[in-house]
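Visitor: Single-letter residue listing:
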Amino acid sequence: MPAFAISETPIDPACLREAMQTSQCGAFVCFEGWVRDSHQGKSVRALDYQVYRELALSEGERIVQEACARFDIVGATAVHRVGALALGDLAVWVGVSAGHRDAAFSACRWVIDEIKARVPIWKREHYHDGVSEWLHP
Amino acid sequence: MPAFAISETPIDPACLREAMQTSQCGAFVCFEGWVRDSHQGKSVRALDYQVYRELALSEGERIVQEACARFDIVGATAVHRVGALALGDLAVWVGVSAGHRDAAFSACRWVIDEIKARVPIWKREHYHDGVSEWLHP
Amino acid sequence: MKVSVHYFASLRDRAGCVSEDIEMADGVSLPALYAECCGRHGFDFPRERLRVAVDDTFVNWDHRLLDGAQVAFLPPVSGG
Amino acid sequence: MKVSVHYFASLRDRAGCVSEDIEMADGVSLPALYAECCGRHGFDFPRERLRVAVDDTFVNWDHRLLDGAQVAFLPPVSGG
Chain A
1 MPAFAISETP
11 IDPACLREAM
21 QTSQCGAFVC
31 FEGWVRDSHQ
41 GKSVRALDYQ
51 VYRELALSEG
61 ERIVQEACAR
71 FDIVGATAVH
81 RVGALALGDL
91 AVWVGVSAGH
101 RDAAFSACRW
111 VIDEIKARVP
121 IWKREHYHDG
131 VSEWLHP
Chain B
1001 MPAFAISETP
1011 IDPACLREAM
1021 QTSQCGAFVC
1031 FEGWVRDSHQ
1041 GKSVRALDYQ
1051 VYRELALSEG
1061 ERIVQEACAR
1071 FDIVGATAVH
1081 RVGALALGDL
1091 AVWVGVSAGH
1101 RDAAFSACRW
1111 VIDEIKARVP
1121 IWKREHYHDG
1131 VSEWLHP
Chain C
2001 MKVSVHYFAS
2011 LRDRAGCVSE
2021 DIEMADGVSL
2031 PALYAECCGR
2041 HGFDFPRERL
2051 RVAVDDTFVN
2061 WDHRLLDGAQ
2071 VAFLPPVSGG
Chain D
3001 MKVSVHYFAS
3011 LRDRAGCVSE
3021 DIEMADGVSL
3031 PALYAECCGR
3041 HGFDFPRERL
3051 RVAVDDTFVN
3061 WDHRLLDGAQ
3071 VAFLPPVSGG
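Residue numbers (the numbering used here), protein chains in the order written: chain A, 1 to 137; chain B, 1001 to 1137; chain C, 2001 to 2080; chain D, 3001 to 3080.
One should not assume that every hint holds.
To be verified - Using 35 Å as the maximum straight-line C-alpha spacing, the simulated DSBU-like pairs for lysine-lysine come out as follows: (1) B:K1042 x C:K2002; (2) A:K116 x A:K42; (3) B:K1042 x B:K1116; (4) A:K116 x D:K3002; (5) B:K1116 x A:K116.
These are calculated hints, taken from the structure and not from any lab test.
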């Protein structure tokens, strides 16, 4: 299984978690990004994510492999949803298993930060006032 | 629902996660403690957790309320399993939802650290060599 | 006066019971009560390593015991 | 030589297409190609804010383009 995936359909966190379970590990940390109903004071109605698929897959995979080299962890997996998402939908899931919690927390945080900075995925927010815009921070 | 619970039966992480979902939040972080097959070089066969129930419940609840006051989060829930656990079993679950990931990571880490330091629960490890011992770090 | 003492983890194993009622002089202090328990069961935790709870609430070692108090001497915890 | 340029997010909206083939002089540089695209579509991102990929791999702006290259100018990302 690749360590990083792009999904057009809803992410199943229970299934991803289960695939990581092992009695070698004492700690598991996961991060989920949910579609929030507001952004910088604007009322959000829905989101689109657009992806440069080939490059996102290779860059995401590289991030997870770098995390495994940088931190004392056993496993790491990340999935990013793309397409049209509704409020409350799961947009991104990152799970890390490790012997101890220090490495699991640090690596999970590092992976989501790197995904946000490096993976070619773009978010368009649709607001309740009818406007929509691509975010290019 | 109380924010902190003690469970004699297996913890259901999917159900706990679902109860925390809200489109007010952009971030969700959860920590899981799993029963690991080794501890400081010794091969672990199984665990028991013993609890001082009344005091654990009140102290656990206090920790979660303190986390809500200290960090900019929306929800926090923790459950600790007690009794006889097998390798790979989920021993403790902490979930935190927040507007943004910074607070979610910090609060989740703080809650599990405080639980480990303050809640009157004790672990007995059973090793493969037949010995078992209470951990009193 | 009579107090009930509750034991957990290795103290419970050493005492061989979950709890016991102990008759002590009125106004006995918590350190004196713990010393009595150590004498009975040979606990080897110095008092400084324990926390103490009375009636399901953490208290300081100078807390005043009343008749019927439910006391627990708590060895270092290891949840999580 | 001919290169294909691929657009994403606001650049795609502005260009009104997912990709286009552009005929350029042999050995054209990536900055010159981006200038050509800006001229066609009125992109307002300074080059410094973009990353660039060729044939599905991130490259530097001094990367040498070959005939048939698949080029993507990537505006700041916002996944997560």
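Visitor: Which numbered conditions among the earlier hints are violated in the structure presented, ordered from lowest to highest?
Guide: 1
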